[in-house]
Structure formats: C-alpha cells, structure tokens
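Undergrad: Assemble the whole structure, with the sequences as input and the hints as a guide.
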Amino acid sequence: MAIIKSQVDHCSGIPLGGIGTGTIEIRPDGHFHEWQIFNLGIWAPSWNFQPDCCKKEPPEMRPSAMCFYAWAKPKGEAPVMRRLGTRSDQHNLYSFAWLKSVREIEFNGTFPIAKLSYIDSDLPVEVSSTMFSPFFPHDARTSGTPGFNVIFTVRNRSNKPVEFSLLSTLRNPLAPEEKDRKLHNSITRDGDSTFLTMRTEADSSCKATLGSLGLSVTGGKASWIAGEYNGFLYGYTSPDGNYGWSHESLLHDFRASGRLPSLAGNRSPSHMLRQDDKALEALSKQEVNDLVRAMMKYPFVHSLWQRILEAEPARLKTTAGLIQFLKSVRARINALCGDDRARQSWGQVALASTVSLAPGETREIRFTLGWHFPWHFSKSGKVIGHMYDNWFKDAGQVNRFLAEHCEEHRTKTCSFAAALQNTSLDTEMAEAWAGQLTTIPKCTWWLKNGDFGVWEGLGCCGFHTTDITYQGSFNLVALFPELQKRQMEMGARFQRKDGRVHHFFTPDLSNVDDGFERVDMNQQFVLLACRDYLWTGDKAYIKRLWPNILRAMKNTAELDADGDGLPDHDTRRNTYDSWDFAGTPSYIASLWLSALLAAERIAVDLGHKTEAAAWNKILKKAAASFDRKLWNGEYYSLWVDGKIRDECCMTDQLDGEWFTQLIGLGHVLPRERILAGLKAVMKYCFTEENGLQNANYPDKAAKRMATHRNTQQTAPWSGIEYSIASMMMDFGMTGEGRRVVKNIHERHWRAGRFWNHGECGDHYYRAMSSWAILLAATGFKIDLPRGIVTFSPPAVLPEFHAPWFSSRGWGQFTMTGMSFRLSCSSGTITFRELRLGCQSIGGLVLLNDRPIKATRSQENATIVLRFAKPLTIKAGDKLVVE
Numbered sequence: 001m002a003i004i005k006s007q008v009d010h011c012s013g014i015p016l017g018g019i020g021t022g023t024i025e026i027r028p029d030g031h032f033h034e035w036q037i038f039n040l041g042i043w044a045p046s047w048n049f050q051p052d053c054c055k056k057e058p059p060e061m062r063p064s065a066m067c068f069y070a071w072a073k074p075k076g077e078a079p080v081m082r083r084l085g086t087r088s089d090q091h092n093l094y095s096f097a098w099l100k101s102v103r104e105i106e107f108n109g110t111f112p113i114a115k116l117s118y119i120d121s122d123l124p125v126e127v128s129s130t131m132f133s134p135f136f137p138h139d140a141r142t143s144g145t146p147g148f149n150v151i152f153t154v155r156n157r158s159n160k161p162v163e164f165s166l167l168s169t170l171r172n173p174l175a176p177e178e179k180d181r182k183l184h185n186s187i188t189r190d191g192d193s194t195f196l197t198m199r200t201e202a203d204s205s206c207k208a209t210l211g212s213l214g215l216s217v218t219g220g221k222a223s224w225i226a227g228e229y230n231g232f233l234y235g236y237t238s239p240d241g242n243y244g245w246s247h248e249s250l251l252h253d254f255r256a257s258g259r260l261p262s263l264a265g266n267r268s269p270s271h272m273l274r275q276d277d278k279a280l281e282a283l284s285k286q287e288v289n290d291l292v293r294a295m296m297k298y299p300f301v302h303s304l305w306q307r308i309l310e311a312e313p314a315r316l317k318t319t320a321g322l323i324q325f326l327k328s329v330r331a332r333i334n335a336l337c338g339d340d341r342a343r344q345s346w347g348q349v350a351l352a353s354t355v356s357l358a359p360g361e362t363r364e365i366r367f368t369l370g371w372h373f374p375w376h377f378s379k380s381g382k383v384i385g386h387m388y389d390n391w392f393k394d395a396g397q398v399n400r401f402l403a404e405h406c407e408e409h410r411t412k413t414c415s416f417a418a419a420l421q422n423t424s425l426d427t428e429m430a431e432a433w434a435g436q437l438t439t440i441p442k443c444t445w446w447l448k449n450g451d452f453g454v455w456e457g458l459g460c461c462g463f464h465t466t467d468i469t470y471q472g473s474f475n476l477v478a479l480f481p482e483l484q485k486r487q488m489e490m491g492a493r494f495q496r497k498d499g500r501v502h503h504f505f506t507p508d509l510s511n512v513d514d515g516f517e518r519v520d521m522n523q524q525f526v527l528l529a530c531r532d533y534l535w536t537g538d539k540a541y542i543k544r545l546w547p548n549i550l551r552a553m554k555n556t557a558e559l560d561a562d563g564d565g566l567p568d569h570d571t572r573r574n575t576y577d578s579w580d581f582a583g584t585p586s587y588i589a590s591l592w593l594s595a596l597l598a599a600e601r602i603a604v605d606l607g608h609k610t611e612a613a614a615w616n617k618i619l620k621k622a623a624a625s626f627d628r629k630l631w632n633g634e635y636y637s638l639w640v641d642g643k644i645r646d647e648c649c650m651t652d653q654l655d656g657e658w659f660t661q662l663i664g665l666g667h668v669l670p671r672e673r674i675l676a677g678l679k680a681v682m683k684y685c686f687t688e689e690n691g692l693q694n695a696n697y698p699d700k701a702a703k704r705m706a707t708h709r710n711t712q713q714t715a716p717w718s719g720i721e722y723s724i725a726s727m728m729m730d731f732g733m734t735g736e737g738r739r740v741v742k743n744i745h746e747r748h749w750r751a752g753r754f755w756n757h758g759e760c761g762d763h764y765y766r767a768m769s770s771w772a773i774l775l776a777a778t779g780f781k782i783d784l785p786r787g788i789v790t791f792s793p794p795a796v797l798p799e800f801h802a803p804w805f806s807s808r809g810w811g812q813f814t815m816t817g818m819s820f821r822l823s824c825s826s827g828t829i830t831f832r833e834l835r836l837g838c839q840s841i842g843g844l845v846l847l848n849d850r851p852i853k854a855t856r857s858q859e860n861a862t863i864v865l866r867f868a869k870p871l872t873i874k875a876g877d878k879l880v881v882e
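Numbering (the numbering used here), first residue to last: 1 to 882.
Just so you know, these hints were derived from the structure itself, not from any lab. Note that the structure is predicted; figures quoted are calculated from it, not measured. No residue lacks a Cβ here, since even glycine has one placed at the ideal position from N, Cα and C. Warning: the hint list may mix true and false statements.
To be verified - The calculated lysine to aspartate or glutamate pairs, modelled on EDC-like cross-linking and capped at a C-alpha distance of 16 Å, are:
| no. | residue 1 | residue 2 |
| --- | --- | --- |
| 1 | Lys297 | Glu312 |
| 2 | Lys55 | Glu177 |
| 3 | Lys160 | Glu60 |
| 4 | Lys73 | Asp9 |
Unchecked claim - Now the in silico label distances, taken between C-beta atoms and shown as ranges:
| no. | residue 1 | residue 2 | range |
| --- | --- | --- | --- |
| 5 | Ala2 | Ala751 | 25 to 31 Å |
| 6 | Ile644 | Ser415 | 52 to 58 Å |
| 7 | Pro670 | Thr427 | 33 to 39 Å |
TA: This is the structure:
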C-alpha cells in the first residue's frame with residue numbers, strides 16, 4: 001500500500017530581479033516561474049490598454065525554460081545525474097529513466113534571499129544554492145539591476161575524489177513571433193567567468209521581446225552550447241533508416257562526460273543544407289568536407305557523428321558515407337524545425353562548469369542571469385523604456401556588472417536579509433515585514449525618465465493608487481525614499497483644480513483614471529506627504545507639495561454641510577469601493593481628524609501661521625463632534641446620517657489615528673476610547689478561522705442592507721489586518737496584535753501563498769503595510785525636521801532586539817530594563833533628541849566607548865536625552881545608554 005502525505009503546492013516564491021525590471025520567481029519546487037521580464041503579459045498593461053504593436057502573448061517560458069542539473073562521478077564509479085527540481089511534469093521515464101529529480105528540496109525564503117538545499121542520498125556530494133538579486137536599502141540604482149545570481153555550494157561528503165559538474169539549460173525567448181528570428185549568440189571569456197549572451201538582429205512589429213538575455217558561470221572549468229534546437233536540448237526521437245531510430249539529446253552526452261562540447265555554432269543552421277539529394281551527390285569531395293566541417297559546429301550534428309564513430313566509424317571514411325551523413329543531418333534539421341522551417345526553435349543554450357573535489361572539499365560555482373528588454377511601450381505607442389536602460393546597453397553588460405560586483409552585492413544583500421530576521425519578536429512578525437517586500441520588485445515600474453509606480457495588484461487596476469500607497473508605502477519611504485517621493489509628486493501633477501487627488505495611474509504612468517470621487521484620498525495624500533517629510537527631512541519636497549495640500553484640505557472641508565467640523569455628505573465612495581457609506585462615516589472622519597493634525601504640523605514648519613491656526617481650530621471642533629456623533633458606548637459607529645445609524649463595527653474605524661500615531665504625531669481622540677474601539681474590533685471582527693474581517697455586526701445590532709454580508713465587509717484584507725494589528729501594538733495591545741499577525745501567516749501558508757497576498761489582484765500593494773508591524777513593535781518613530789528619534793517598544797522583553805531602518809541608514813538596537821544599545825550597519829542616523837521607552841535607563845551616553853554629554857529628563861514612561869548639537873551615528877558606530 002502506498003501511503004502518501006500530500007500538502008498544498010506553494011504557488012509563490014522569491015522574485016529574482018530588481019526594482020522596475022520585471023522578475024523571475026524561484027519557488028520551493030526548485031524551478032523558475034512567472035518570467036515577467038518582457039514588456040508583455042500580466043506585468044505590462046492588459047491587452048485593452050496596450051498599443052496595437054504589443055498585443056501579443058509573452059514568450060512561453062515554462063518552469064522548464066531554465067533548469068539546473070547536477071552530475072557527480074566518484075573515482076572508479078559510474079556517474080550519477082540529478083535534476084535540481086521536484087516537479088513531476090519534468091520526467092521522461094521512457095528515454096531518461098536515469099535522469100531523476102532530487103528526492104527533496106528544503107527551501108528557505110528570506111527576501112531578498114532564497115536558499116535551497118537539494119537532498120538526495122544517491123549523490124556523493126551535498127548541493128545547495130543561494131539565489132538573490134542585489135537588493136539593499138538606500139541604493140535604488142544597484143537594487144534596480146535586471147538580473148540575479150545563483151551561487152551553488154558543493155561539498156564532497158564521500159571518501160573518494162569526485163568529479164562534479166553543474167549544468168544549466170536556458171530557452172531563448174527573443175523575437176518568438178518572427179518568421180526569421182535572426183538570433184545570434186556569443187561566448188566570451190574573462191578570467192574565471194564565461195559569458196553566454198543571446199541577441200537578435202530581427203526587427204519586429206512587436207518589439208517588446210527584442211533585446212538580449214545573458215547567462216554566465218564563474219568558477220570551475222566551463223563548457224557550453226552556444227546555440228541549439230529545443231528538441232536536442234530536451235530530447236527528441238529521430239527515425240533514420242541509415243543510422244537507426246534513436247533518442248537524441250545533449251543530456252545523453254552530458255551524462256557520459258559531465259561536459260558540453262563547446263562548439264562554435266552561434267547562428268541558426270536552419271537555412272543550411274537546403275540541397276536535395278541530387279545536389280548533395282553532385283558536390284565535390286572538398287565541398288562535402290567543407291559542408292561537414294560547417295555542420296560540425298552544431299551539437300546535434302556533433303552528437304550524431306560521435307555516435308557513428310563509437311559504433312561503425314568506417315561509415316565516415318568515404319565521400320559517399322559523408323554525403324549520407326549530411327542527408328541524415330538534413331532530415332534532423334527538418335524534424336527539429338517542424339512544419340515552419342523559418343520560425344525555428346534554434347537558439348537555446350546550455351552552460352556548465354566542472355570541478356574536482358577531494359574528500360571533504362567544498363567549492364562554489366556561480367551562475368548569473370541578466371536581461372535587457374528596452375522596448376517598453378506606453379498605451380500611446382511611445383517607448384517609455386526602463387530605468388535600467390540608462391545603465392546597461394544589453395544583457396552582456398548586466399552580467400558583467402553582476403559578476404564583477406557579486407561579492408559586494410552578496411555581502412550587502414545577505415546582511416540586509418539577516419537584519420530583517422534578527423529580532424527577539426515572533427518569527428511570524430519578522431516574516432510579515434520581510435515577506436511583503438517581494439512586492440517591490442514584483443509590482444514596480446521604473447521608467448527611463450525616472451517615473452516610478454507600484455501596481456495596486458500585479459497587472460490589475462493601476463499604479464500608485466493613492467488609497468493603497470497610504471497603507472503600503474512605509475517600507476518604500478524607509479528603504480528607497482526617492483522612489484516614494486517621485487510617485488507622490490507624479491500624482492500631485494494630476495490633482496484636479498477643485499482639490500481632488502488622483503486615484504491611480506492607468507494604463508501607464510502618464511494618465512490617471514476618473515476615480516476622483518473617492519473621499520478618503522485627499523486626507524491620505526496629506527498624511528503621506530507629512531510622513532515622507534518627517535522621514536526624509538526634505539523641506540523642498542514638502543514646499544513643492546504645499547499648494548496641493550492646501551487644495552486637498554479645502555476640498556475635504558467643503559464636505560461639512562452642518563458646520564460640526566466633520567464630512568457629512570458625498571462620502572459614499574472610498575477605498576472600500578463595493579461598500580457604500582453615508583452621512584459621516586467613522587473611517588472618513590477619522591482620516592479627516594488626522595489630516596488636520598498633519599496639515600497643521602506642515603504649516604507650522606513652513607511658517608504658514610494662518611493655515612496652522614485655522615486647521616487647529618477645526619481640529620478641536622471636529623474631535624469633539626466625532627466623539628459626540630459617532631461613539632455608541634462601545635465603539636465608533638460605521639456611519640451616522642442624521643437620525644439614521646449603521647452600527648456595524650468596522651475594523652478600520654480609526655484609520656487616521658493609526659497613521660498619525662505610527663508616524664509620531666500622536667492621536668486626537670481620547671486614548672481610552674481608541675483602546676475600547678480596538679477591543680471591540682477584536683471581539684466582533686476577529687476569529688481564528690476567518691482572521692480579522694473588515695467589519696461585523698454585534699448580534700443585537702440592527703443590520704443594514706448596504707453593509708450586511710457585503711463582499712468587502714465580510715472579507716479579511718491582509719493589508720488592513722496588518723495595519724490594525726500594528727495599531728493595537730502601538731497602543732499597548734501587543735498580544736492582540738500578535739494574534740492577528742500569526743493568523744495572517746497561518747492562513748497564507750496553508751494556501752501556498754506566503755509571498756503572494758491577494759485583494760484586487762495578486763501581490764497586492766496594500767499588504768506591504770506589514771512594515772507597520774516593525775515600526776509599531778519597536779516603537780521606532782523619526783522626525784528628522786526636529787531631530788527627534790524614538791525607540792519605544794510597547795512590550796520590552798528581558799532583552800529586546802530588532803532592526804531599525806530610516807530613510808538614511810539602518811542597523812540594530814537592543815533594549816533591556818537598564819540599557820539601550822544602537823548600532824548602525826549602513827548610512828547614518830542623526831538626532832538632537834533621543835526618546836527611549838524605558839524608565840530605568842540612566843543618562844550615561846557612550847559613542848564608541850567615548851562619553852557624550854546629554855541632558856536627561858523624563859516624560860511619563862519615556863526617557864528623553866537631549867544633545868547640545870546633532871549627534872550622527874554612522875556605519876560601524878555603536879551608541880550605548882545606561
């Protein structure tokens with residue numbers, strides 16, 4: 001009896017590729033999925049929005065498009081070969097019975113790193129790989145490189161010397177629609193590296209797939225196939241009356257030797273050997289020999305030649321025998337080309353590296369893939385390109401850049417990945433804030449002119465959706481602040497004259513949709529601008545946005561018809577776009593309170609006293625009205641419209657208070673009411689089975705048709721769950737916040753979608769609000785204009801440690817009951833005032849063991865240290881307070 005334990009297939013993995021470059025996803029099965037590196041398909045706009053020249057399917061790049069194989073031969077023994085993957089659909093037990101997949105893969109995904117251990121007791125070596133694109137904070141240029149590295153580590157665990165090879169095969173996706181693809185592949189060597197670059201000289205009405213793709217290997221002794229037919233790459237059966245039926249593939253030859261033939265055929269032979277039998281037989285001896293030499297540059301020909309030599313070499317000793325050989329080669333070309341000889345499948349490549357391993361010895365072999373597809377089109381047909389076009393002319397340059405800087409990139413990327421996980425907090429929390437970073441490479445466009453945007457959902461809706469950027473961009477402003485500011489200023493250009501802020505960019509980054517009726521976006525725009533200013537200290541930026549802030553605030557203020565300071569009409573449309581509100585919704589009104597608080601702060605800093613005073617006056621009136629109008633004794637009602645109330649308990653009822661508390665502006669409403677509302681949310685909206693749904697009615701509450709069982713009311717959106725979980729932590733409800741985060745983790749793990757949260761489309765931007773978990777759980781708040789940095793974890797463990805990331809630097813901090821330690825790994829962090837959420841810490845400050853003068857005071861449970869002049873902590877520095 002076969003007893004098989006089955007689990008869900010994981011349909012997400014670690015995207016490999018840079019910011020705005022498109023990605024290829026490595027998944028736990030060891031194969032490469034979702035080749036979104038072209039200017040077609042889901043990563044580009046939908047066909048309805050593409051120019052006519054680009055209404056094509058993307059090249060077919062299945063998981064088999066790029067494969068790795070391990071070959072090992074202990075001294076005196078037969079070789080063993082394994083496919084480094086676990087997909088059942090890759091097996092051919094008829095002709096490749098010996099080519100098994102490894103028994104198991106242990107996949108460790110910690111963005112931006114994927115580590116795979118290939119487990120197979122039949123191999124005399126241990127094989128593992130580390131895959132990554134260079135991705136690290138505050139270097140968008142390097143993090144926008146279109147390519148990735150695969151570093152294999154091989155250890156000989158046997159007591160014999162082992163000859164070991166790694167083989168990579170790669171399908172050629174260039175100009176797939178053209179009758180003559182005009183493919184040209186090249187091999188170059190440079191030191192320990194061998195570069196194989198695919199190019200095309202074709203012109204096309206669909207230029208989206210014109211470009212180049214590069215594969216390189218570093219380490220060991222390289223061998224290659226510069227160009228080959230798809231059939232010979234993966235195997236085909238060739239009926240031949242002269243040499244018998246045979247199954248032919250480079251894999252058979254590689255199995256025998258562990259090496260590729262390294263032949264020079266770098267252009268298609270499909271147009272060669274067009275002579276019929278009569279013409280071939282009329283060739284002179286010299287012409288026959290010349291033609292044989294020309295054809296012997298191609299592996300499928302060389303393989304046949306070798307097979308004949310091994311069995312009946314006499315057949316190749318005469319001119320007649322060579323002519324017969326050429327006839328068989330011609331038949332193979334016809335078979336490999338298929339019905340359409342011109343649109344041939346030639347151009348696939350293979351690259352291998354061989355090392356000799358002594359018993360116990362460990363070696364590394366590095367493969368690198370780079371791409372360059374410059375024909376990225378706007379809906380108008382204009383070429384908008386990619387940012388990487390400014391840095392690289394083709395994939396060959398990409399590969400050289402990645403190869404030359406691999407160790408630097410590896411160190412920085414691995415350090416960043418390790419820092420994300422280096423915390424005493426729950427593993428699920430670290431995996432939340434790290435895991436959703438995958439959306440940055442997966443869902444971004446970064447155009448040649450510098451414009452930048454994040455898809456709301458991959459290929460869905462549009463870019464830089466204001467109400468989604470509001471929750472999802474905390475990691476952007478921390479890691480790549482110039483990109484966040486760019487998309488904000490792009491959006492500001494499309495603000496309507498009446499003050500309404502854009503909804504999203506569609507179908508590219510040059511136009512917006514007509515979603516101006518959503519009443520949450522004005523407040524969110526103001527809050528985002530304020531946060532970006534506090535985080536970057538960029539006064540010029542906030543000055544440029546000041547006119548937009550004024551118009552947005554004026555427009556929202558006009559929604560108050562009864563003069564109580566709160567919006568009370570035209571409040572139906574918002575981010576919950578299938579769920580109609582009415583009157584004064586708590587969600588919309590909360591955003592208005594917080595926007596007033598943020599706008600006042602901006603006005604004060606810019607010296608606009610009149611606006612600051614006016615907004616402060618409205619805020620006081622609005623806060624009192626909010627409590628009086630919406631509080632129902634247990635939580636804030638969903639909405640109130642005159643005498644009509646909807647008493648559904650909304651998870652997002654105090655969304656604005658979440659944002660301003662998180663960015664350090666504090667809260668407007670009484671703390672006890674906020675806590676009561678959050679407790680009601682946990683009581684009525686959270687269950688372990690369903691997660692934290694968007695809203696729910698208490699059993700005794702009257703239900704209203706527009707809300708009851710609404711598709712968005714009943715759903716748990718992970719982006720909202722993360723933000724409210726972080727709010728709970730920020731207000732001291734740490735246990736409740738942790739429960740919500742763990743539930744999100746478990747739910748997506750069971751669905752096989754750990755790195756792919758969906759809402760309106762996959763890889764949804766809002767789920768990047770998981771970064772708020774890091775901010776709330778560490779109490780890290782930054783106010784660069786005033787030089788204030790805060791570390792105030794809501795729950796300090798005996799030794800609390802976690803990473804911190806500002807817009808200028810990053811590092812680690814540790815806090816105990818008696819001390820605080822801050823280290824900087826990269827960049828800098830500067831402050832005049834350091835606020836620590838621990839009463840027991842003293843006032844002794846040491847920077848790299850050198851005493852620093854500071855005045856110490858205490859505000860409630862916060863220790864405040866003030867310095868006479870700004871204190872800068874740079875990379876390698878350590879600050880201690882005890």
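Undergrad: Work down the list of hints and note, for each, if the structure agrees.
TA: Outcome of the hint check:
Pair hint Lys297 plus Glu312 does not hold up; C-alpha atoms about 21 Å apart against a cutoff of 16 Å. Proximity of Lys55 to Glu177 is assessed by CA-CA distance (about 12 Å); at most 16 Å being required, the pair is judged to hold. A distance of roughly 43 Å separates the Cα atoms of Lys160 and Glu60; the hinted pair therefore is violated under the 16 Å criterion. Between Lys73 and Asp9, the direct Cα distance comes to roughly 33 Å. Violation of the 16 Å bound is thereby established for this hinted pair.
Under the hint 25 to 31 Å, the C-beta atoms of Ala2 and Ala751, about 27 Å apart, fit the expected range. One distance hint, 52 to 58 Å for the beta-carbon pair Ile644 and Ser415, holds here, with the actual separation near 57 Å. Checked against the hint of 33 to 39 Å, the C-beta distance between Pro670 and Thr427 comes to roughly 35 Å, which is consistent with it.
In this structure, the hints that do not hold are numbers 1, 3, 4, in rising order.
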